[in-house]
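Let the hints inform the model, and build the full structure from the sequences given.
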Amino acid sequence: MSVNYASLRFEYERAPDHDAPASSPYPVAIVGAGPVGLATAIDLAQQGVRTVLLDNDDTVSSGSRAICFAKRTLEIFDRLGCGDRMIEKGVSWNVGKVFLQDELVYTFNLLPETGHSRPAFINLQQYYVEGFLAERAMQLEPLQLRWKSNVTGVTQHEDHVELQVETPDGAYPLKARYVVAADGSRSAMRKLLGLDSHGRTFKDRFLIADVKMKAPFPTERWFWFDPPFHRNQSVLLHRQPDNVWRIDFQLGWDADPVAEKEPERVIPRVKALLGEDAEFELEWVSVYTFSCLRMDDFRHGRIIFAGDSAHGVSPFGARGANSGVQDADNLAWKLKLVVNGDAPHTLLETYASEREYAADENILNSTRATDFITPKSAVSRLFRDATLNLARDCAFARRMANSGRLSVPAVLRDSTLNTPDKEGDAFNCAMIPGAPCVDAPVRVDDRDAWLLPQTHGSAFTGIYFCGLGHGPEVCAQSLAALSNGRLPVHALVVVPRGMMCTVPGVTVVEDVEGMVAHRFDARPGTFYLLRPDQHVCARWRAFDAASVTAAVKRATCNG
Amino acid sequence: MMNRMKLNLELNIADHDAFYERLIDTHNGLSDEASHMLNAKLVLLLANHIGDNEVLKEALAMARQGLAAN
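Residue numbers (the working numbering), protein chains in the order written: chain R, 1 to 559; chain C, 1 to 70.
Honestly, I wouldn't trust all of these hints.
Unchecked claim - Lysine-lysine pairs mimicking DSSO-like chemistry, simulated, CA-CA at most 30 Å apart:
1) 203(R) <-> 271(R)
2) 41(C) <-> 97(R)
3) 376(R) <-> 57(C)
As the list claims (entries may be wrong) - In silico negatives: residues of chain R with every beta carbon more than 12 Å from chain C:
4) 230
5) 384
6) 387
7) 389
8) 521
Rather than coming from a laboratory, the hints here were simulated on the basis of the structure.
The structure displayed is predicted, hence computed values, not measured ones.
Glycine residues also receive a C-beta, built at the ideal position from the N, C-alpha and C atoms.
Here it is in structure tokens:
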């Protein structure tokens, strides 16, 4: 039986807390079951943290909304146990095209190299993403999903937070040691705490139309500046599953947001693009404006903000939902260590600093794209048009033309959790401390596999590189011993193609195409330490157990 | 501002009078609007050719000097 995800409804159940207050606070409560709240909840529950997820209604998001899910997000979904479903349903793409009027001026490929499990992007209606995440969440025993549970009050205490939760059965108080506020751009939690976001609101309006039709366009991102079918404005076209196409029309600030949603206004705009005889149905229509803003601090005592509640970006670059899922990725392992008493509270401060840094990067990129797409002065428009004009003939101008700089994960190069490279340890690759680990094809137990899924997922991973005639024997015991103790490190041994070895208690991966060694600029003996969120936090040319232990302490604020 | 600048403020074009003439002639017959477009394209072309962000920053600041925002 197939599920209609667009109209998915979740079952409200009376919470046990109505009848008897819980004897002790829950370790974590999460407010908001969008992609960010669900990802955080799954991550925590997979790591054994008892979690309550509250959402004020019982439905999934309507329409395509976030639509573009980036490679890094898909890798996180893999870790959360639902990446394959997203990929199977989603439309994968790597190529974008930029048109000026009716002329192609620029084509870009966001993933120009092979050897990655996941594409640069998939397009997938947000309701599928939420549906798949919710189904994954329901499989996890330590996680309680509570629908139609609206938070109307919040009080912070010394050692817990008390939420007032309103349900169809009345209100009850819920105590949690930490609360994650993932309740979206109009965050009720932010309002209850009297907190603000600061930034810029852009004076422009955009129409989104989800259109169901059979169309010959390729599976690429197409962006038009000033097309003949929508003069003086921009248009963005994306393919989605189920023969649904997403079209974003720039309307200008003077457009009437209510009237523009009427089918008699929308249909002619779509026909101008597709042709008078095109047959299509409108699935969903929305008119939006947007802001680039963020909260000054993503953490307020025991309440932590994640996703759109903490930061907002313009849609050009798909940096909203994608950065929110990365917030979840960054937060879950830290919260787990803190609630389990394996790291001090200050570790959560690094969630705030790392993700505030990432938010600034996303805001900067999306602000610049917005200023290019919707110039706000005559001279800004002049330089925009001059750039596009030159783009036909000049390579540099094609690169300057900005139709959105698409989401890539932030490299947390200045994080205090990183251990700087040792003097004399020279590396020449992108895998610097703070970078998210790159994927590569490998073989494990004589089967084709990928590197990223071999990392631990809820603990630190150490990657040790061998070479021909340079086996792991010398340090096999100390590699295996890293997995003992309160802050375990699970070792992976990378061997070159054709080299056989087994190390008790350690996964051996064969670097069949040499891509792992290449992407990590590894030599025999090189060792990389990855955090549970797969970000590199230290690396050495030679393995030394004591240095690894010190780096783990530093990365957990235990140092 | 008196720090040593990377931007060359000394004359650097061999036949400068000829260049100046060519600059003006390039705009011949253009409307004001088209001239503005030409200038904008020229700025982008030259900026890309220079490439050095320090030099560009100094040039932008120098060009802005004495012009008050209204």
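Checked hints:
1. 203(R) <-> 271(R): holds (26 Å)
2. 41(C) <-> 97(R): Given that 30 Å is the threshold and the Cα spacing comes to 22 Å, the pair holds.
3. 376(R) <-> 57(C): holds (22 Å)
4. 230: holds (22 Å)
5. 384: violated (9 Å)
6. 387: For residue 387(R), whose nearest Cβ neighbour in chain C is about 6 Å away, the distance does not exceed 12 Å, so it is violated.
7. 389: Violated: least Cβ distance 6 Å, not greater than 12 Å.
8. 521: Non-interface label on residue 521(R) holds, nearest chain C Cβ at 28 Å vs cutoff 12 Å.
Checked against the numbered hints given earlier, this structure breaks hints 5, 6 and 7; the rest are met.
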